[in-house]
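Chains as they are written, first to last, in the numbering used here: chain P, 1 to 257; chain X, 1 to 148; chain S, 1 to 357.
Do not take every clue at face value.
[Unchecked claim] Quick look at which bits of chain P chain S covers, simulated, 3 or more residues with Cβ under 8 Å:
#, region
1, 60–68
2, 79–93
3, 227–239
[Claimed, not checked] Derived lysine-lysine pairs resembling DSS-like cross-links, with alpha carbons at most 27 Å apart:
#, chain 1, residue 1, chain 2, residue 2
4, S, LYS229, X, LYS60
5, X, LYS27, X, LYS60
6, X, LYS7, X, LYS109
7, S, LYS229, S, LYS180
8, X, LYS7, P, LYS136
9, S, LYS180, X, LYS104
10, X, LYS109, S, LYS256
11, S, LYS180, X, LYS129
12, S, LYS202, X, LYS104
13, X, LYS129, S, LYS229
14, X, LYS129, S, LYS256
15, X, LYS60, S, LYS206
16, X, LYS60, X, LYS7
17, P, LYS149, X, LYS104
[What the hints assert, rightly or not] Part of the chain X face toward chain P, derived, beta carbon under 8 Å:
#, residue
18, ASN15
19, ARG70
20, TRP72
Hints in this document: simulated from the structure, not taken from any laboratory. No residue lacks a Cβ here, since even glycine has one placed at the ideal position from N, Cα and C.
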Amino acid sequence: MYQRKSVKIVRRLRRLNGNGWAYHGLPGLQWEIENSSSYDRKLMSELTRELLEDFRIHEFYHACINCGNCTSRCPAFRFADFSPRVVVQKVMHAKSEPDLIVQMLDQYIWACFQCYSCWDVCPAHNNPGGLIAMMKELAVKHGLQSASKALEPYSRVLFKLMTTGTQITPDMHSSIAPFRDWGPHKAELVKHLREERAAVPVENLAKVMDRGWNVDAETIRELLIIEKEAGVIDAVKSVLKDVGEMVDETRAEYGVE
Amino acid sequence: MSQRKKKGEFIVERNYVDDQRIIEPEKLEIGGVDMSGRWGLLVLPRTIEDFDHSLHAMVKNHPRGRNIDRCWQCGNCTAACPVAEENPLFNPRYLIYIIKLGYKLEIEKFGNYVYFCGSCGRCSEVCPKDVDPSGVMEAIGTALRRKP
Amino acid sequence: MRRRDMSEIHPVLVIGGGPAGLKASADLAELGYDVVLVEKLGQLGGAPIRWGYKTLAPELRPTEEVMGPLIEYVEGNGNVRVMKNSVVEGATGGLGDFTVTVRNLMNGATESLKASAIIVATGFEHFDAKVDPRYGYGRNPDVIGIHELEGMLKEGRVVKRNGDPPKRIAFIFCVGSRDKSTNLWCCTVCCGVSIKQAIELKHLLKDADIYMIYMDIRTFGLWEKLYWKSMEEYGINYIRGRVGEIYAIGDKLLVKGEDTLVRGPFEVLFDMVVLAVGMEPGSGTAQVARALNLKVNEFGFLEPRHPNIHHDSGRDGIYLAGACVAPMSVEEALAEGSAAAMQVAKALRRLQRAVVK
Ligand SMILES: Cc1cc2nc3c(=O)[nH]c(=O)nc-3n(C[C@H](O)[C@H](O)[C@H](O)COP(=O)(O)OP(=O)(O)OC[C@H]3O[C@@H](n4cnc5c(N)ncnc54)[C@H](O)[C@@H]3O)c2cc1C
Ligand code: SF4
Ligand code: SF4
Ligand code: SF4
Ligand code: SF4
């Protein structure tokens with residue numbers, strides 16, 4: 001239906017949309033429809049099949065009465081034309097229309113923060129955030145461009161997590177590289193970090209900065225074995241090539257085959 | 001144009017965020033840290049905070065728009081509309097809804113699409129509530145032009 | 001050999017003095033049977049009287065027109081013994097010859113009675129919106145239930161806690177209904193009742209803007225007229241969506257939800273929020289189920305032998321009527337009361353015909 005739009009109408013649309021409200025002439029969902037029409041049909045049905053055959057689907061999706069309760073709590077919804085209700089509705093109809101899943105993989109699902117507020121309030125006990133997490137996994141597994149784009153800013157966090165098992169330690173919150181994205185006030189916070197941490201009467205808090213970096217070699221080896229066996233390293237390679245390769249180097253250093 | 005395209009470019013779900021809601025400072029330094037561009041980016045919420053019934057009142061006073069309150073959003077009009085079939089952005093049911101409830105932002109975005117109506121009257125034939133959506137489209141068009 | 005006459009038949013026990021129980025009692029009394037009506041509270045009339053319903057949907061006729069004559073007849077008719085503030089604690093025997101224990105809740109005294117048949121009409125209770133924290137019910141006095149609004153409408157004074165008349169009012173549908181975390185079923189009447197109240201509010205507060213936040217409008221049967229009228233004649237607004245949270249900001253309420261027709265988030269300030277609370281079987285129905293050993297379904301409503309034949313409790317001589325079986329309207333409860341009375345009359349006539357030696 002949407003493909004039949006005449007060129008003339010498209011031009012008029014663009015002109016009408018001179019102030020840029022309607023996202024390049026096609027708001028939200030319409031944009032997706034146009035975009036998914038150029039997708040590889042085989043990959044499309046493969047992705048949908050994988051999602052629908054995942055065992056978790058039975059726990060995360062029951063039936064959706066389209067009420068919007070999930071969305072009413074969703075923080076992402078406040079900023080983007082994104083709604084967990086739409087996600088669940090599309091999953092609901094995905095069997096007969098495989099395009100629906102693919103339409104969301106490119107941009108839509110990445111608006112979600114994975115806060116699971118939606119899960120909390122759904123009267124049907126659906127878990128929209130869970131469904132989204134499954135779709136994000138799919139995107140990573142198949143090395144989709146969207147996954148690379150979304151994960152690229154987390155490259156360093158991901159590398160640290162994969163090689164030490166801990167992701168962030170307090171001393172990483174600094175305005176000086178490598179994590180300036182935490183914001184300028186971090187410079188202030190980080191000045192007396194060690195002393196302040198030591199003052200908290202919980203033993204682990206003070207030590208977390210050292211332990212977060214100096215991880216036991218045997219622990220790292222174990223971690224890398226698990227990641228290798230579970231195919232995590234390959235999956236990461238397909239979306240963040242450099243991170244994957246660096247983890248692979250570490251793996252070789254630690255003698256994990 | 002090219003500049004707008006760059007704005008917020010790194011946002012993965014970029015097509016779902018309004019241009020107008022993205023604030024991206026060209027030059028910004030806070031406490032000696034360079035926060036220009038994406039580092040200082042802010043997306044404003046798009047929440048509907050009020051209902052503005054002024055257009056609705058104008059439509060209701062228009063001789064062809066007086067039945068707008070009958071509409072119960074069944075979508076029969078849009079289903080019958082030949083323009084909507086060609087162009088999903090023109091949606092008589094939706095236009096009636098946003099005018100009725102006074103959703104300013106949506107009217108700003110989609111109000112002008114009302115002029116796509118071909119006045120063919122097919123919608124008015126199928127409307128189960130005798131809203132006369134075709135007339136309401138005309139009334140909305142008039143109200144939008146006369147809006148102070 | 002002779003047939004038994006009426007005087008040899010024990011009275012019929014009716015439990016619950018709401019529309020269904022009253023109607024059953026009145027009909028049986030009119031047929032000449034003696035009736036004992038046991039009511040937990042100090043007054044007859046059930047929910048419509050207890051909560052002071054001003055009018056009844058769908059035609060907005062005064063509640064008294066329906067309930068007044070019924071109560072009068074039952075109380076004034078010599079055939080009905082009304083036992084208020086009382087509950088049935090147990091029953092032994094069967095059709096024609098039950099022995100029933102009734103306890104007076106005020107003084108604790110128990111009384112043993114003979115009964116030929118039993119009609120259970122213990123009705124429903126309103127869903128307690130405190131159970132669902134998202135609405136802030138119980139924390140904010142300007143968030144009220146439809147049952148409380150009924151009382152305010154009847155008094156003719158609808159005001160906020162601070163005494164001001166509300167300017168902008170939201171009704172939230174399906175509170176405590178159609179939700180796996182609270183109750184799964186639809187209470188069937190709250191849509192119509194909320195719309196009825198919105199119309200009455202418009203009469204009372206001409207300038208008020210009223211917004212109905214709904215998932216589906218379920219004004220079944222002829223109640224549909226209410227829905228049309230509210231839009232066409234009263235300009236009441238309908239927003240499709242469901243509310244996730246309500247915050248108090250100053251003396252206003254911020255209602256946060258999704259408009260599912262716009263895909264837009266709304267966070268709008270209201271003066272008053274009315275919750276269309278659903279129906280639950282309630283503690284009274286649970287009590288009677290225990291006392292009479294009746295089957296209850298997964299939701300706690302009394303379970304008839306066949307789901308489409310409400311009056312048949314599955315126990316000989318015990319009949320069901322009204323909202324203790326399923327959520328329903330007053331007109332349906334009245335009809336079910338009559339239906340149960342008819343079943344009792346049928347069974348007792350069979351007994352009378354039986355030959356006494
Ligand atoms: C996915 C994820 C990864 C993270 N990774 C890191 C990391 O790598 N490094 C890092 O430094 N930080 C990390 N954090 C952040 C870190 O977990 C939090 O900053 C930290 O846990 C906050 O501590 P808190 O005590 O304030 O809250 P919490 O950790 O949430 O602790 C609150 C505790 O109080 C209990 N509680 C709540 N109410 C009551 C009550 N009424 N009575 C008694 N007990 C109650 C709760 O059950 C809970 O155990 C991560 C957070 C997340 C979500
Ligand atoms: S988990 Fe995602 S979709 Fe669900 S409420 Fe949070 S941000 Fe929204
Ligand atoms: S809250 Fe649940 S039932 Fe309602 S729209 Fe969201 S997923 Fe569907
Ligand atoms: S009158 Fe306008 S809105 Fe109605 S069917 Fe024709 S083109 Fe569509
Ligand atoms: S057909 Fe009539 S009632 Fe239905 S959405 Fe259109 S205008 Fe409204």
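Consistency of the hints with the structure:
no., hint, verdict
1, 60–68, "holds (count 4)"
2, 79–93, "holds (count 4)"
3, 227–239, "violated (count 0)"
4, S:LYS229 x X:LYS60, "17 Å, holds"
5, X:LYS27 x X:LYS60, "49 Å, violated"
6, X:LYS7 x X:LYS109, "19 Å, holds"
7, S:LYS229 x S:LYS180, "32 Å, violated"
8, X:LYS7 x P:LYS136, "25 Å, holds"
9, S:LYS180 x X:LYS104, "35 Å, violated"
10, X:LYS109 x S:LYS256, "22 Å, holds"
11, S:LYS180 x X:LYS129, "35 Å, violated"
12, S:LYS202 x X:LYS104, "25 Å, holds"
13, X:LYS129 x S:LYS229, "12 Å, holds"
14, X:LYS129 x S:LYS256, "30 Å, violated"
15, X:LYS60 x S:LYS206, "18 Å, holds"
16, X:LYS60 x X:LYS7, "41 Å, violated"
17, P:LYS149 x X:LYS104, "34 Å, violated"
18, ASN15, "5 Å, holds"
19, ARG70, "24 Å, violated"
20, TRP72, "17 Å, violated"
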